[in-house]
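Colleague: Top line first, the protein sequences correspond to chains W and E. Residue numbers 8 to 472, in my numbering, belong to the letters of the first sequence in order. Residue numbers 23 to 383, in my numbering, belong to the letters of the second sequence in order.
Hints were generated in silico from the structure; no laboratory data involved. Computed from a prediction, not measured in an experiment: that's the story for all the values here. Any given hint could turn out to be false.
Claimed, not checked - Here are the simulated DSBU-like pairs of lysine-lysine, each with C-alpha atoms no more than 35 Å apart in a straight line:
hint: 1; chain 1: W; residue 1: LYS131; chain 2: E; residue 2: LYS146
hint: 2; chain 1: W; residue 1: LYS114; chain 2: E; residue 2: LYS146
hint: 3; chain 1: E; residue 1: LYS137; chain 2: W; residue 2: LYS114
hint: 4; chain 1: E; residue 1: LYS146; chain 2: W; residue 2: LYS138
hint: 5; chain 1: W; residue 1: LYS98; chain 2: E; residue 2: LYS304
hint: 6; chain 1: E; residue 1: LYS48; chain 2: E; residue 2: LYS364
hint: 7; chain 1: W; residue 1: LYS128; chain 2: W; residue 2: LYS98
hint: 8; chain 1: W; residue 1: LYS137; chain 2: E; residue 2: LYS146
hint: 9; chain 1: W; residue 1: LYS58; chain 2: W; residue 2: LYS131
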Amino acid sequence: KSLQKPPRQSTMSHALFAGSGGSVAPASRYLVEFKAGKMTLQDGWVRPINKKGMVYVHQSDDNLMHFCWKDRTSGLVEDDLIIFPDDCEFKRVTQCTTGRVYLLKFKSSSKKYFFWMQEPKEDKDADLCKKVNDSLNNPPQPGSGRAGGGGAASAGGIGGAGGGSGSLSSALSGLGESELSSMFGNISQSELMQLLQMGMQMGLSPSGMMRPASTGAGSTASDGASEAPTGSSVPSRVQSSPGVRPAGSGANSAASGARQTMPERPATAAASAGGVAAGSGGGRELQQTPLQQQQRTAGGRIQLSDLQTILTSIQAPEGAAPASAGSAGAQFDLNDALPIESLLPLLADAQLQARLMPFLPDSPDLPRSVDELRRSVQSPQFRQCVSAFAAALRTGELGPLVAQFGVGEAAVQAANEGNAEAFMRALQQPKPTAAAAAAEGSEDVEMAASAAKPDAKDEEKMDES
Amino acid sequence: MSESDWCLIESDPGVFTELIRGFGCKGVEVEEIWSLEDSIELKPLHGLIFLFMCEKEQQPTDTDESIVLDSRLEEEIYFANQVVNNACATLAIVNLLLNVQHQDVELGDALQNLKSFSASFDSKTKGLALANSPLIRQVHNSFSRQTMLEFDNSLAGERDEASHFIAYVPINGRLYELDGLKRGPIDHGRLPDGLPTEEWVQHAIPVIRKRMQRYASSELRFTLLAVISDRKTALQKQLDTMTAALDEGGDESGGLTEAAAAEISRLTEAISHEEEKIARYKRENARRRHNYIPMVVELLKILGERGQLNGLVDAAIDKSRNRQAWKAEGDRSATKDAQAAKTAASAAGTGEKGADAKPSN
């Protein structure tokens, strides 16, 4: 049977975080959505705007994450913010004890957006909040330079995201934390009543419960799902191009305390050095080669550091062993399939040496050499990576990532199914045609190799060899 | 300051040695020892760290041990509580180092600053100060592995375990146990009169042994780490002293005595051995920081192109099946043994619990 080649883009938007593995999502599917109203700053107070609205997060065709607010009555999307990973945090404003107020706060700028929950029940609030952070900071694709699994990572901002949507953000942008807290902490009795009255007009009782059959507020959260947010008229759509980001942005994750932090790690530091961003300009192409896709991811290169993030964001199934009966395909230990006696002969071949050399660490403490190739594959660190890779493969979440390595459709399919055996066997399948194979092969090598190379200088060197 | 800001790092002497250097501390290194008695020969020994894995429920709670809560905490002892699990190794090391007063050891700016800055804080706040130190956290995180240990562990279906570090250090003639999960340091008493400070560990050995037994289970995995003066520095000093002495009062003919020559040769060799060790630590750390997954995938592709992959997968599947079979067999016979022992015990009427019989593997 023929495998329909899915558009690359939808493979890329295959979500990596828990709960969404396995299905191929259309680009316009909202990752999170909930009813919420906007708020405004007036006379030093943050006040709710009396409009029924919806907050949703979605990923556009060009893989950028959008945080949007839509007026549920008019259908107008009044705010469409493009969010770069780690640039913002969505959190509850604890100073406001009476309402369920949340703040979208930016690290790279002082812009702030306040929202008040209009969901009937409060019990999902924390969950929704987490989902917002997760999806914004771990966009459903590899290669976009994020840190730390979910939530408030402390990386320095990538910069430049979320322009203003008029007066609201600019008015709030000058506020520091203490000013904010005084705005909420000092909330007066009249303000309190006003908030509650807002809520009551919406059909919410003081306790936040939705009254049945109220003014259309009984509609479900999915009512907006069928609308395609992209392409609709969005008066205040904001977009900052990756090029605007400060040159040192790739190094942000080096400076912070986030999980993947490595001050001197070449891969991270080079994330910004390449600065390839937006090479192909056109953001709407669905069919893209790995090279183009790679070039258009934030930062321009495959973020190898993201592998760690990906691995941590993958939720291990409860109590599952690496080769448990639950996973597809036969059980085996990947290290057994890569015994040293099979690897050493490969490493004796000059051509293969050249091909593999770029994948070695490039550190002054550990210069690249044929010797190091041999020592690497026998090192515990290498073997641990093998195990981790196998385990990650079996979760079925690694499809988009391995696709970037140019392993071929069948292998990607196996990865999506978490079938390690099928994945391996797919790698031995002959490529479609000789010509395509040659093209794909060289492109894959080039792409994979350039992913491994920390900087452009090396790339030139390798091209010469 | 949250858990997610600190990575898990490996408990490896090379990692810890480089970690300490990364903090700016000079003159120490960390070495693994395999028996408590090995520590006796290591001089000067600044402290011992006992590290073990335990199930999270088993983590130590305060008992009626003599926990120090008096003025010694302000005047003599530095003790910080563990507030972030992932930082436990660094915490133990810092707790140990900040209590060392020895001419060989130079704390360095970062640690000295932490010590003075947090000197008047209570233990919990000291722990917070450490957890909030960007430099310490950064250095710590620079040793995390590309592939998360947590991820490995959770998928391997291992029990919910945590690693636990306990430091032993002599301070002002008494032996203390520094366990970040306890309310304060534990006082194990005065070191025997007349015992040179350098011999402190002999007094510590029985104490540590008792502690090891307390946390013992049939699968106790533990590591003993010794914090000692940097070997290379000591050797270099010796060599320098020797060469200087020879230069001054040496043989007029310019020759060396055989003994002197032998000694110089020994020292030089020992120094280069130490240099090789440091280089090895650095290589290992470089490998730890590196993500080999792209290389793994490339190797798999190569093997696939060469038509070797299917065979290797077949062989691996076979191996796995065999292991399962052996394991099943082992479990069956273990159960049989246990049952046999039980029967025998009750037949013999000793009243011993049959469950005490260890299964044979």
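Colleague: Are the hints correct? Go through all of them and say.
Modeller: Now for the hints, and whether the structure bears them out:
{"no.": "1", "hint": "W:LYS131 to E:LYS146", "verdict": "34 Å, holds"}
{"no.": "2", "hint": "W:LYS114 to E:LYS146", "verdict": "29 Å, holds"}
{"no.": "3", "hint": "E:LYS137 to W:LYS114", "verdict": "31 Å, holds"}
{"no.": "4", "hint": "E:LYS146 to W:LYS138", "verdict": "32 Å, holds"}
{"no.": "5", "hint": "W:LYS98 to E:LYS304", "verdict": "41 Å, violated"}
{"no.": "6", "hint": "E:LYS48 to E:LYS364", "verdict": "58 Å, violated"}
{"no.": "7", "hint": "W:LYS128 to W:LYS98", "verdict": "18 Å, holds"}
{"no.": "8", "hint": "W:LYS137 to E:LYS146", "verdict": "29 Å, holds"}
{"no.": "9", "hint": "W:LYS58 to W:LYS131", "verdict": "21 Å, holds"}
In this structure, the earlier hints numbered 5, 6 are contradicted, and the remaining ones agree with it.
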